[in-house]
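Visitor: The listed protein sequences derive, respectively, from chains A and B. Each residue of the first sequence is one higher than the last, beginning at 1 in the working numbering. Each residue of the second sequence is one higher than the last, beginning at 1 in the working numbering.
Since no wrong hints were added, every one of them can be taken at face value.
Okay, the calculated bits of chain B under chain A, using three or more residues with CB under 8 Å as the criterion:
#1 94 to 108
#2 141 to 152
#3 202 to 208
A short list of chain B residues far from chain A (calculated; beta carbon distances all over 12 Å):
#4 Thr36
#5 Asp46
#6 Asn161
#7 Trp179
#8 Arg239
#9 Leu266
#10 Asn281
If you're looking for bench data, these hints aren't it; they were derived computationally from the structure. Just so it is clear, CB atoms sit at the ideal spot from N, CA and C, and this is done for glycine as well.
These are the residues of each chain, in order.
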Amino acid sequence: MHTSVIVVAILVLTALGYRLGRRRSVALVGGPRGTRNLHSLPSYYGFLTALWCALPALGVLGAWHLLDERVIVGAVLAELPPDMQHLPADQQGLLLNDVRNVVSGSLPAAEARPEVQSAAREWRRLQSLSNAAGASLALCLGLAGGALAWRRISPELRARNGVERVVEIALALCSMIAILTTIGIILSVLYEALNFFRVVPLTDFIFGTTWSPQMAMRADQVGSSGAFGAVPLFTGTLLISLIAMAIAVPIGLFSAICLAEYADRRLRAVIKPLLEVLAGIPTVVYGFFAALTVGPLLRSAGQFAGLEVASESALSAGFVMGIMIIPFVSSLADDMITAVPQSLRDGAYALGATRSETIRRVVLPAALPGIVGGVLLAVSRAIGETMIVVMAAGLAAKLTFNPLEAVTTVTVQIVTLLIGDNEFNSPKTLSAFALGLVLFVATLLLNIIALKIVRKYREQYE
Amino acid sequence: MSTEIAPTDPNVRIRVPRARVAAAADDSQPGSKIETKTVGQVTVADAVMTARRVNVHYGEKHAVKDVSLDIGRNAVIALIGPSGCGKSTFLRCLNRMNDTIDSARVDGSITLDGVDIYEKRQDVVQLRARVGMVFQKPNPFPKSIYENIAYGPRIHGLAANRAELDEVVQTSLAKAGLWEEVKDRLDHPGTGLSGGQQQRLCIARAIAVDPEVILMDEPCSALDPIATARIEDLIDELRQNYAIVIVTHNMQQAARVSQRTAYFHLGELVEVGATNQIFTNPRHRLTEDYITGRFG
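Here chain B stands alone, though its shape is the one from the complex (with noise of 0.2 Å):
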């Protein structure tokens, strides 16, 4: 028994199991039962976003199988795993990304806020204004800076003038921590930053529509220990604001920067929990070999 969903984007065709859908929300409630293999908790307290059974193939290959997972308010999880493991597709699905992908099939079902977001009403364009993303390459677009922190806002007229929508890109890029070092050229390129101060710009970027989750997809893995360093100090800083998913192959990075970590392998989410736990003490032999660098 499935209904048929037609997604805002007609490249894409989802079939959810209508049984799923309404389950759904009884499974936010942490301490109820949930179907999966994963090793430790995979519900929180207070989820801001709630992935159930997500399965996605691209074409034929099944990329993520049966992946359940709760992102946590105000916290940091860290997805790891060897690459091609899913951690990034899976990052994907939480706003939606792999809608631009002809070939990509998501099942299951993912709420944010108690609501499905792969639900027929759903407005793919309000989503992700709310579950904001950086990428693995800084991708500033080819405009100055300061217009690269407006788009946003402009684009979703969170500015009612010019003087509200410097104060956004202020408020941005202070808290991303470039305002210093920028704020006496914001009409330069913001191609022509460093590679450190590119990807805080593109934080700042995500930061500037107000987003409730923001997804990060190896953030730091073009840049230098030092504006890596930089960039996990900021993370932690906006803990305090958002929720934020991490995808990293950096283990040291995972275990500095986040709360929780969850370890995928081929598909499959084996292990989640505290990320010291994960680190110090991991329950499942997988985890274990690929923290102490058995393989991976």
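Excised from the complex, chain A in its bound form (with noise of 0.2 Å):
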């Protein structure tokens, strides 16, 4: 049997579950008029029931499926002749992988060798009968935990409690979703950065001041040095995301300031879904906005002021990144300083204070914290951004300070790295995931501090 066809079966069982509990309670207690003499609702025993019914199900079937294969594995490789089963590990997988291919028919049977057709014969008569075995335990076990619960109903049982405790578990779980896959990717990020990190040593990435991985294949091989030091593409993130930043707070925290205080509602109308288009264009957008329109405007106008620009300069691609990076600010500052208490304000103008005068001293520093949130929030965002400075930023790792020169950073590095055919364990590929570590301890860091410094200033203005 197909195993969504349990999974029907279950579900089936699992509401005629809340129909049974729901009438046994209430015919427990005489009918509709008694429900006040139960401890819980009607729908409570019901719901009770259709999990009892439900979760023990699901869980073992899910459980039977995530291990059967481990035991099937094993019975197959025992009735292997002797010769096979000790064979070196690569090989054996590549066996069992034949045997696999056959069992799915992506492989047809007849070309594949007489022992691997049988481990195969085997391998179906185990899965099937695994299948069997699940599926009745898992029926049988959720009819099981129906009964049980249903026969349990009785007036005073704490039905309302239970699902309680089940919504509470269930919401645990789902937070803890979210957790996990973050330790994942660091964990896998990091597996993969300690395989770089073997090869190339870590003082050599974090401090030499070379950017070139292309590695030699042959000895004799020329300017391919293969060395990697990461101090430039860090110089250049950090010159990029700098100017970006140049723009985009002072922009951002003045329109928001404007938004907020000065706007009257027409004009807040027009003017912020305006600025919040701007989160809404896509990066490629800005990107080739930037390589396209930008860059060369940048390049002549460099030239009619006798300066040498690069057409991939930091300043035009930290000049759109800026751009896209104003609605983080304003909307955040917006929104604080808009919860900032009118009696604040109230108190300021009464004392004789102007409208600027009251902003600068008395709204701004109360919703400092969250306009330093916002703005740690846009370092971060223009730190990892990659579309915008693929296509603007170009690709030489130069050491410079000079935003008129092309940089280069770590996310446009780590895309070059990974994009085409590339052997996956050569230091060139790996050193894209030690990139992506330092990236992600960077914004981690970052999201550290904003949330120490907000909840400073927090316990400072409450």
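Bring the two chains, given one by one in their own frames, into a single complex with the hints.
Guide: Rendered as structure tokens:
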């Protein structure tokens, strides 16, 4: 029987459990008029019965399917001829892969070796046996759980509290998923990064000033030094982020002040959505805006001023990225400024402060934690931004703080390292993971600092 | 015949009849005829502020109707009346705080030392420095105690250097009866004080810019009885130097702290008189009903 059929059967059983549980609870107190004698509403008894039907059955079914392949593999290996049982691990893996392909039908059985064919037959037999056993176990558990819950129903049973408990656990599990995903990402990146650091020392990576990830494939190859000093990438990222923030923070903050304090309702209704449109533009579009419009514009402006501006300069990428980030800063700052109580403004006005004095001395300090939070959020966005810099910042890993030159960033290098056919265990590919780890750690630190600042000011201002 | 006046705040348009602007100065003399339905003497001999035929509209709502009233120097006047009777709105006219509300419209004339405060050339910011205000809920700035007091003197340039500023902060806190309690922790946040202390901090903040009039909008309604008693004592002391207008729902409080009492009812000023006369021998039926607790 197919697993989906079993799941549907369990669900039907669950629905039935709900009806039966509900009906029994009502019947126990002598009809709908007596329900006030029940501890909980009748539907809670129904839910409890249904949960007892569904949870054990689905849980066992899931666990069975996770674990049965392991048992089957063991059994199939044991059936193989003795000389094939003691193969090295990788060859055994290949053999098992063959068997699996025959089982799934992607490899015609006739083309396989006889041992493989017999192993596949064995596999199929065990698989159907396991499926049947799992399905019947799940169904039996569902029935048994439902029956048990149904029998336990009495007017004193605290069904409501039981359901509450299950809801609590479900919510906790959902929040765990987010945490576990984060941990999973950290571990996978960390694992690959550690592989990289086995080849390239950590100190070379963090303090080296030359980035040239082309590895020599032959001893006499020219120009492929394989240097993994990430400092130029860090400075490039830093430079572009700084330019972006220099654009986004003042413009975002001032437009937030304008919106929150000066604009009347009609102006606000027009400007705010328009600002938020900026956040909705795909970053690729920003990217070619930077590469095709802003870059050449800055270049010709530079020529006019007698400056040498690279067509893929840090300035154009940072400028466009700053524009992109404006709505992040402005909408968070706007929320924070609007949240400052009117009584504080009244207090300042009553002392004879002008509007801008009130904003500068009273409103902004009170809104500062939120504004700092918004800015740091924007910084981590800027550091992690990829598309704009891929298109507009260039690939040359140059160690410079001159915004008119082309620089490259961590994200750009990750993209170029992983594009195309690469050996997966070469330092060149692995270095992408090390860069990813650095990026992750940097944004994590930023967020921790942001939280600390926000908390400190909050204590002071409440 | 009316002139249109463009106030400093572009959100509010105020129309003041030209004749009345001119008449306001004459009316400030006691004994002169004032067209009013109010029972009792609305004028006083030594008025620091005069209000003549003030009307306030919030959009469609007519919140204050034809109110004329003098605010005497070195005296406390209490504005009492049931909720929504317009006493707070009238109070907020006296330092043009209604300007911050978009839909508010104020007609009539209000003078401070004989100068119309709704006049075109009147600097609202300067006006509010001369007519300070204390609010219903203590609203200290999220800054240190010192900075709360120093804020006003700083923006008005009242202190030339740090020593003078320290002096202003100390005397203001001392006048508000808070100096002894906070002198060792001036750098602590003002929001960390108790409710009564916060309110006295707000009073000290208002005093620090050296106003002529202090408006108080139910300053004790969020405080416990002990803190209230301290504020009331403070109000009595402040009378030496300032004119005080206090809105209160607490009639005992009005009786305790004020020399004159004005009773508002549905936006109209029903009766004004010496406080002991209002509370012992009210002349208007509505006042009597309110005082004796028959309604309100």
